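Whole structure, please, built from the sequences with the hints as guidance.
Here is what each chain is made of, one letter per residue.
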Amino acid sequence: MKRVAFIALALVLVSPAAAQEEQSTAPYAYRQLDDAAKETKAQRLMESLRCLQCQGQSIADSDAPIAGSMRSLVRERIAAGEDPEAIRAWLIERYGDYVSYAPQFTTLTWPLFAVPAVLLLIAFLLLRRRFTRKPEDGQ
Amino acid sequence: MTDTPKAPRWALWLPLALFLGFVVLVMIGLYHPADRNISSGLVGKAMPQFDLPPALPGRPGLDSKILANGKPHLVNVFASWCIPCRVEAPQLGELAKAGIPIEGISVRDTTENLQGFLEQNGDPFQRVGADDDGKVQLALGSSGVPETYVVDGKGTIVYQHIGEIRPEHLGLILEKLNEAKQ
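In order, the protein sequences belong to chains A and B.
Just remember that my numbering sits 3 ahead of the position in the first sequence, which is counted from 1.
Just remember that my numbering sits 26 ahead of the position in the second sequence, which is counted from 1.
Distance condition first, Cα-Cα at most 27 angstroms in a straight line; then the derived DSS-like pairs of lysine-lysine:
{"#": "1", "chain 1": "B", "residue 1": "Lys71", "chain 2": "B", "residue 2": "Lys180"}
{"#": "2", "chain 1": "B", "residue 1": "Lys161", "chain 2": "A", "residue 2": "Lys44"}
{"#": "3", "chain 1": "B", "residue 1": "Lys207", "chain 2": "B", "residue 2": "Lys91"}
{"#": "4", "chain 1": "B", "residue 1": "Lys180", "chain 2": "B", "residue 2": "Lys202"}
{"#": "5", "chain 1": "A", "residue 1": "Lys41", "chain 2": "B", "residue 2": "Lys161"}
{"#": "6", "chain 1": "B", "residue 1": "Lys97", "chain 2": "B", "residue 2": "Lys71"}
Over 10 angstroms on every C-beta distance to chain B, these chain A residues come out as not near it, computed from the model:
{"#": "7", "residue": "Arg47"}
{"#": "8", "residue": "Ala83"}
{"#": "9", "residue": "Tyr104"}
{"#": "10", "residue": "Ala120"}
{"#": "11", "residue": "Ala126"}
These are calculated hints, taken from the structure and not from any lab test.
Please read all numbers here as calculations on a predicted model, not as lab measurements.
Think of the CB as a built atom: it goes at the ideal place given N, C-alpha and C, for glycine as much as any other residue.
Written as structure tokens, this is what we have:
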């Protein structure tokens with residue numbers, strides 16, 4: 004019992020040895036742009052960029068410090084008049100397609116776009132054969 | 027519907043075969059999970075231009091121009107709050123002792139924490155730049171800490187090491203530095 008109490012006390016007293024990661028000091032990590040139209044533009048881009056640390060979230064949703072840095076980067080560049088797709092391309096150049104949630108049409112990904120169209124076409128052809136009455140069945 | 031052709035006998039086993047194939051796929055995924063490291067697209071390209079203020083009082087900051095001074099450098103992206111950075115500290119110390127210039131970029135850190143970290147784990151750095159807003163980290167294509175870049179004398183990134191440098195990685199890092207000399 005004494006030992007349990009000691010361990011409990013130790014757990015309370017010992018502060019974690021590692022320091023906390025600081026939030027990004029970038030100006031627009033947690034501040035919106037004053038220009039509402041530009042903020043909307045930035046928001047739309049941020050929702051389609053992946054946080055590199057918590058890889059299932061967009062940088063708009065994530066509270067990871069690196070996401071803060073990325074938000075500020077996006078907002079500052081939008082404020083400076085840069086095109087959202089240019090910012091996306093800048094990030095893709097560094098982190099690969101992975102950083103973007105917006106699917107890119109490349110030599111690797113084109114089957115993803117082609118297969119549904121082909122399946123629809125096949126389904127249409129099959130159904131047409133089934134629904135068209137053959138002439139000899141007619142009354 | 028009496029004229030439907032009878033399915034061949036082997037077709038009976040098809041669902042089971044499909045299921046087993048699926049299980050095999052899941053097992054492969056379980057035992058060889060996908061690589062979650064995001065490597066920088068800048069390997070083989072020039073170091074981005076930046077000029078970071080000093081992270082430590084009385085010590086120089088890090089200007090990317092210094093990386094193109096004709097000698098290969100190691101650029102270590104680190105932070106005091108990063109546990110694996112403690113693990114790689116002895117290896118960086120060894121590299122520094124071997125005369126390799128190591129430049130530090132401390133990401134989202136405070137001077138106080140950084141000083142404590144270097145006191146505890148040794149200071150292998152020639153210069154340490156403070157990347158408090160994380161912009162240089164993004165410009166580098168770095169997605170976490172620690173990461174170490176081998177930069178040749180012309181300022182081109184020739185290699186990116188993701189994660190801590192463990193003793194078994196020293197050979198590889200030295201090899202990349204040697205390649206960078208040529």
